[in-house]
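Q: Sequence:
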Amino acid sequence: MTGKPSVIIFDNSPGGLNTISRALAASLVPRDAEPLVSILDNPLVEYRQANLTVPAVVAACFVPPEGQAPYDYVFDFTGEVRDDRTEMIQINTTLSISRLIGLEAAKHKVKAYVRIQLPFYDTGSSSKSQHTEKDDIKPVNTIGIWWHETLRALAAIEGLNLVILRIGFVYGPYTNYGIITSGITVASVYGYLKKPMKSMWSPGKNPNNTVNVADVAGAAWACADWMASLGRTEANILAGEEILFHNDKKKVKEVEGMPPHDQKLIAPLFNLVDDSNSTLLSIGEVVTSYFGTTFEFFTFVENAAMKLTGDHVEEINEHHVGGWTEMITTSKPPIPNTPLSAYMDSFALAKHRIPSTIFMPSRDATSLEAPSPTEYELLPPSVPGEQRQSLMGQEEQVQKSERRHGDLVAMCLALVGLGGGSVWFKGAAFGGGAKAKAVWKYHR
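All the letters of the sequence shown, read from the start, carry residue numbers 61 to 504 under the working numbering.
Calculated directly from the structure, the hints in this document are not laboratory data.
C-beta atoms are modelled at their ideal positions from N, C-alpha and C, and glycine is treated no differently.
Just to be clear, a hint being listed does not mean it is correct.
Unchecked claim - Below, simulated DSS-like cross-link-like pairs (lysine-lysine); rule was C-alpha separation at most 30 Å, straight line:
# : residue 1 : residue 2
1 : K310      : K194
2 : K324      : K171
3 : K324      : K167
4 : K171      : K194
5 : K194      : K309
Claimed, not checked - Here are the in silico distance ranges between beta carbons for each label pair:
# : residue 1 : residue 2 : range
6 : L304      : D405      : 19 to 29 Å
7 : L298      : V361      : 38 to 48 Å
8 : N307      : E375      : 31 to 41 Å
9 : H379      : L298      : 41 to 51 Å
Produce the complete structure using the sequences and hints provided.
A: Listed below in structure tokens is the structure:
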């Protein structure tokens, strides 16, 4: 196994297994293929739990197991993903944790540090129909501000071989958070209630571009290989973008590790979505179709009435949260405890616009002397035709002759947990090396 990199993955989600970390770990040490990383005698992934808010604990994480070389690649998938968390929680669990990991990684001179950036940005009011890595897009809400500030904090760390991967709405196996998962869960309720699932944002043509979790894992690996072959200085020249300030200037003195507002910070940045060109409408139609219902929009009068009450979030949730509770507790067998929730917060219910060019071909691969991440080929199949029939075959395994509500619960969990959603959208837009196709075939 000599010559292969040694890898450490950081994730501060509950259990650490419900985000991209699980997909990446499985792809690096596949069951039926050659591992992509350096391993000891037994090719198992070591799992640890630790308090990443403590510097000494983070430092201890970088001590490799006996007989293993120091870590070459660091994958940073940390960060609070719930929009309802306070600013202090976002600072402590997003910026501070990531910065501690980055500082330790720089001290150990790791060859690549890959940071995933979720799409907490507001592009809805922009007149542009497309956005690339060079565009300055505004972070949305407290969560967006501090996820974005985390990028600046990492970019400011001297000697850190940082590369940022900014992604669309993520979905796929074991992904139990985010707008797509929320949409699947709520669609299952309306299927059970035999009512249409409705949105406020007619006609639903706003781009909601997505990316499969397995593709994010493969793309992250491609970025790490690319950075390791270049180093930060050369990578900045080839793909560096300025990470602009979008925060309160007063916070600079209050928050440890926050760079000055006027400091120019450059870091390699790549965007990633699939090429499904999905919209709010297309996603809504797909997820509802699996549960035997339809995706529609509230009428003008209904929208006006909800805005008049001033609390449309709670009013909309009243339509389905009770149905979800009834569905999971009265199913056969009952499923009272699940990692899913039908409650949609203000962020999930807001109008989002993730433009279609947030993907890596906006980088010119011919300008990169080293193997480019833009050469990486994404493979998720499209919904129509044989691939959709394959997914419906998975559905039939869950269902009985009649669609009882217990079956709907099981199918909802299967779509999220077993990766049924991974066949929705065609992806062939991003890049990173010819060998990358084998990185994530574990879930086929």
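Q: For every hint, state whether the structure bears it out.
A: Checked hints:
no., hint, verdict
1, K310 with K194, "holds (27 Å)"
2, K324 with K171, "holds (23 Å)"
3, K324 with K167, "holds (22 Å)"
4, K171 with K194, "holds (25 Å)"
5, K194 with K309, "holds (23 Å)"
6, L304 with D405: 19 to 29 Å, "holds (27 Å)"
7, L298 with V361: 38 to 48 Å, "violated (54 Å)"
8, N307 with E375: 31 to 41 Å, "holds (33 Å)"
9, H379 with L298: 41 to 51 Å, "holds (50 Å)"
The earlier numbered hint that this structure contradicts is number 7, and it is the only one.
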